[in-house]
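Student: Next come the chains, spelled out residue by residue.
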Amino acid sequence: MSTIITLIIIVTVLRIGRRIFQKSHTKASENTPTKVQKKLGPWQRKFFTVWTFFAINLRRVFRDRVALFFTFLFPLIFLFVFGSLSGHSGVSLSVAIIDHSSSSYAKQFVAQAEAKSQKVIKVNRTVTTLAAANEKMGRGELDATIELPATFGNSKAGQPSGQAIVHYTQNNEQAAETLVSVLQAQFQGINAKFIQAKVPFTVVSKQTNERSLSSFDYTFTGLLGFAILGSGIFGPMNVFPELKKMGILRRLHTTPLRVWQYFLSTMMGYAVTGLLSLAVMFAVAMAVFHLKVVGNYLELAVFLTFGIVMVLGIGLALGGWAKNERKVAPLGNIIVFPMMFLTGVFFPRFLMPEWLQSVTTYMPLTPVIDGARLIATEGKSILDLGPQLGIMAVWMVIIYAIAFRVFRWE
Amino acid sequence: MADYILKVKNLSKKYDDKEVVKGISFEVKKGEIFGILGPNGAGKTTTLEMIETLRPIDGGSASIDGVDVASHPYEIRGVIGVQPQTPGFQDKTKLTELIQMFAAAYGERVNPRKFLDEVNLGDKADAYIEQLSGGQKQRFSIVAALVHNPKIFFLDEPTTGLDPQARRSLWKLIEEVRNRGISVILTTHYMDEAEVLCDRIAIMDKGEIIALDTPKKLIKDLLARGFKKEQQVEQANLEDVFIDMTGKGLHT
Chain A
1 MSTIITLIII VTVLRIGRRI FQKSHTKASE NTPTKVQKKL GPWQRKFFTV
51 WTFFAINLRR VFRDRVALFF TFLFPLIFLF VFGSLSGHSG VSLSVAIIDH
101 SSSSYAKQFV AQAEAKSQKV IKVNRTVTTL AAANEKMGRG ELDATIELPA
151 TFGNSKAGQP SGQAIVHYTQ NNEQAAETLV SVLQAQFQGI NAKFIQAKVP
201 FTVVSKQTNE RSLSSFDYTF TGLLGFAILG SGIFGPMNVF PELKKMGILR
251 RLHTTPLRVW QYFLSTMMGY AVTGLLSLAV MFAVAMAVFH LKVVGNYLEL
301 AVFLTFGIVM VLGIGLALGG WAKNERKVAP LGNIIVFPMM FLTGVFFPRF
351 LMPEWLQSVT TYMPLTPVID GARLIATEGK SILDLGPQLG IMAVWMVIIY
401 AIAFRVFRWE
Chain B
1001 MADYILKVKN LSKKYDDKEV VKGISFEVKK GEIFGILGPN GAGKTTTLEM
1051 IETLRPIDGG SASIDGVDVA SHPYEIRGVI GVQPQTPGFQ DKTKLTELIQ
1101 MFAAAYGERV NPRKFLDEVN LGDKADAYIE QLSGGQKQRF SIVAALVHNP
1151 KIFFLDEPTT GLDPQARRSL WKLIEEVRNR GISVILTTHY MDEAEVLCDR
1201 IAIMDKGEII ALDTPKKLIK DLLARGFKKE QQVEQANLED VFIDMTGKGL
1251 HT
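So the sequences go chain by chain: A and B. Residues in the first sequence are numbered consecutively from 1, following the numbering used here. Residues in the second sequence are numbered consecutively from 1001, following the numbering used here.
Rather than coming from a laboratory, the hints here were simulated on the basis of the structure. Hints should not be assumed to be uniformly reliable.
Said to hold, decoys possible - Residues on chain A that point at chain B, a partial pick, calculated with CB under 10 angstroms:
(1) Arg45
(2) Trp51
(3) Thr52
(4) Lys245
(5) Pro256
(6) Arg405
(7) Val406
(8) Trp409
Claimed, not checked - Below, a list of computed lysine-lysine pairs in the DSSO-like style, where the Cα atoms sit at most 27 angstroms apart:
(9) B:Lys1029 x B:Lys1018
(10) B:Lys1124 x A:Lys245
(11) B:Lys1220 x B:Lys1172
(12) B:Lys1007 x B:Lys1018
(13) A:Lys198 x A:Lys156
(14) B:Lys1220 x B:Lys1206
(15) B:Lys1029 x B:Lys1217
(16) B:Lys1018 x A:Lys327
(17) B:Lys1172 x A:Lys245
(18) B:Lys1216 x A:Lys323
(19) B:Lys1114 x A:Lys39
(20) B:Lys1029 x A:Lys39
(21) B:Lys1030 x B:Lys1018
(22) B:Lys1009 x B:Lys1216
(23) B:Lys1216 x B:Lys1228
(24) A:Lys327 x A:Lys245
(25) B:Lys1124 x B:Lys1248
(26) B:Lys1216 x B:Lys1007
(27) B:Lys1092 x A:Lys46
(28) B:Lys1137 x A:Lys327
(29) B:Lys1018 x A:Lys245
(30) B:Lys1220 x A:Lys46
(31) B:Lys1007 x B:Lys1022
(32) B:Lys1124 x A:Lys323
(33) A:Lys136 x A:Lys156
(34) B:Lys1151 x B:Lys1009
(35) A:Lys136 x A:Lys245
(36) B:Lys1092 x A:Lys245
(37) B:Lys1092 x A:Lys323
(38) A:Lys107 x A:Lys136
(39) B:Lys1029 x B:Lys1206
(40) B:Lys1137 x A:Lys245
Keep in mind it's a predicted model, so treat the numbers as computed, not measured. In this text, a Cβ means the ideal position worked out from N, Cα and C, and glycines have one as well.
Starting from the given sequences, assemble the full structure and let the hints guide the process.
Tutor: Below, the structure written as structure tokens:
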């Protein structure tokens, strides 16, 4: 269902793009002298200007392989890398088993631990001595080591017994505790075969039907933020100084074109390519990483467009101000890198200490990432996002006020 | 009284206390090709840029067709055409699209083919700007600056770096522009160009206009001061030989 809607959105945008293309194509092939067109009003003329710049520059993007790569493929690479990193859910312990015993019980135990059916323990078979295991634990490559002493599984008076030892380093206490409880549960099953006893208190686990956020949901919305940040800031930051160097903006400056017209056409262009690239990310995430989108797609698109345009303002301010790339690169990095690490792009904000969370709430990208997650994976309506929209609106005003003020044509 | 399209009065410009244009005054008649000559750093480009609204005017005034440049920049931009020293156009954009964009910047919708045909670029309509030769780029740049039918057209060193054929073709084009009733102001380092093309020229040096008249009159004045060339001038020069051997037509 959700895939179908995404496809519809992509197809619609592409069809609009085609129509723009065809319209101008037929216009170009008309070989009659200029006809006096229906007179446009002054404001219609101003928006005609914006639309023409938007349409032609949009077509240009699809001819530019480098731009296409950075717009569409680059975020996908990150999606695949981070998606597969956060793919396996739940706890998994990397463990070595050092078996000194030769009893059949020990063999059985090892076979069980190495069996693929159980997910908690991942046995590293290359480690065979305690010394090697200690070294690997010291480097953090192993979480814990299970040692089976030589006496493990030896029968005494017809009844086998044994004690497994769990080794761990000071940094892995939790892992060891988990491992111990897993092993205890396993031994309990074995013990029950030998000692018939009625256990008064037991515990069973039961899954609720409530949907919860997986770590991929956080990873994915973080990557959406990354894509918005990348194209919205690094895009104009690289393109504008280039346009200035080639005298293209200077040339436009000799025409009555206004800065707002130029900005608006740029905003429209980035909104379309940005939304397309995010749509591709959604499609891949749903197809490959089983992302479940529960929110309304239209609301999501509207919200993301707002986010794209707001972040683009930072790029417009930087690129519009810069006379050359070298001047703007350090400033751009100072702005972009804190946002990458503090707004939930690469790891969720709830992992941060509380004071840091409360500060980073107000960074421009935070409400974009949070809002996208709230709509897409938690099914909230855009109307529920008052705080996010409020922060974004304030930033929008501040950012664009600066962008208009510092813009230079050359 | 002659009808003036451009009036410049005591125009001056300072960069960090250095006066690069020192209160110059001149007028350009309607339908005239007016040349500004001078060594590099004389202030030619700065003068043009002030008149074109690209740089703030520090002192004095300029008016185009009676409209003050400093106080009505957007109105001025609507009636001027500008060909900068190095014409820059965005790549991966078809010539037709660039024409459409420039027309749109003036709020106009045009038939780009018509403009491209005017400068013999009709067959390049779907080409990108980066696929053109130097001369083609210059011709394209000129036609792109005329999409809105300006009253006055500024060209900054339009023929620098072009081969003799392309230069001649551009002269013809500039004369055609003038014949359409558009006044032309150009800067150049080529004296032959100024002599052939310009109705009147101003010679600038160190931010000042040191001479202003028709090329003929300036030459006459010099001869009247007793100037003599060291060597008898031949009836032809090397450029004439080159043109004679390679033809007048454009090669690209």
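Student: For the pair supplied as a hint, B:Lys1092 and A:Lys46, is the alpha-carbon distance within the 27 angstroms limit?
Tutor: Judged against 27 angstroms, a Cα distance of about 25 angstroms means the pair holds.
Student: Hey, B:Lys1029 versus B:Lys1206, does the alpha-carbon distance stay inside 27 angstroms?
Tutor: Distance ~25 angstroms between B:Lys1029 and B:Lys1206 Cα, so the pair holds.
Student: Is the Cα-Cα distance between B:Lys1220 and B:Lys1172 27 angstroms or less?
Tutor: holds (26 angstroms)
Student: Using 10 angstroms as the Cβ threshold, decide whether A:Arg405 counts as touching chain B.
Tutor: violated (17 angstroms)
Student: Between the alpha carbons of B:Lys1216 and A:Lys323, is the straight-line distance 27 angstroms or under?
Tutor: violated (44 angstroms)
Student: Measure nothing beyond the straight line between the CA atoms of A:Lys107 and A:Lys136; if it is 27 angstroms or shorter, mark the hint as holding.
Tutor: holds (24 angstroms)
Student: Verify the proposed pairing of B:Lys1124 with B:Lys1248, using a straight-line Cα cut of 27 angstroms.
Tutor: holds (22 angstroms)
Student: Next pair to validate is B:Lys1220 with B:Lys1206; report whether the Cα-Cα distance is within 27 angstroms.
Tutor: holds (24 angstroms)
Student: Do the alpha carbons of B:Lys1018 and A:Lys327 lie within 27 angstroms of each other, as the hint requires?
Tutor: holds (26 angstroms)
Student: With the threshold set at 27 angstroms, check whether the alpha-carbon distance from B:Lys1029 to B:Lys1217 stays at or below it.
Tutor: holds (17 angstroms)
Student: Decide if the proposed pair is consistent with the structure: A:Lys136 and A:Lys245, CA atoms, cutoff 27 angstroms inclusive.
Tutor: At roughly 55 angstroms apart (the allowed maximum being 27 angstroms), A:Lys245 and A:Lys136 break the hint.
Student: With a cut-off of 27 angstroms on the C-alpha distance, tell me whether B:Lys1092 and A:Lys323 pass.
Tutor: holds (23 angstroms)
In the structure shown, a violation is registered for the earlier hints numbered 6, 7, 9, 17, 18, 20, 21, 28, 30, 32, 33, 35, in ascending order.
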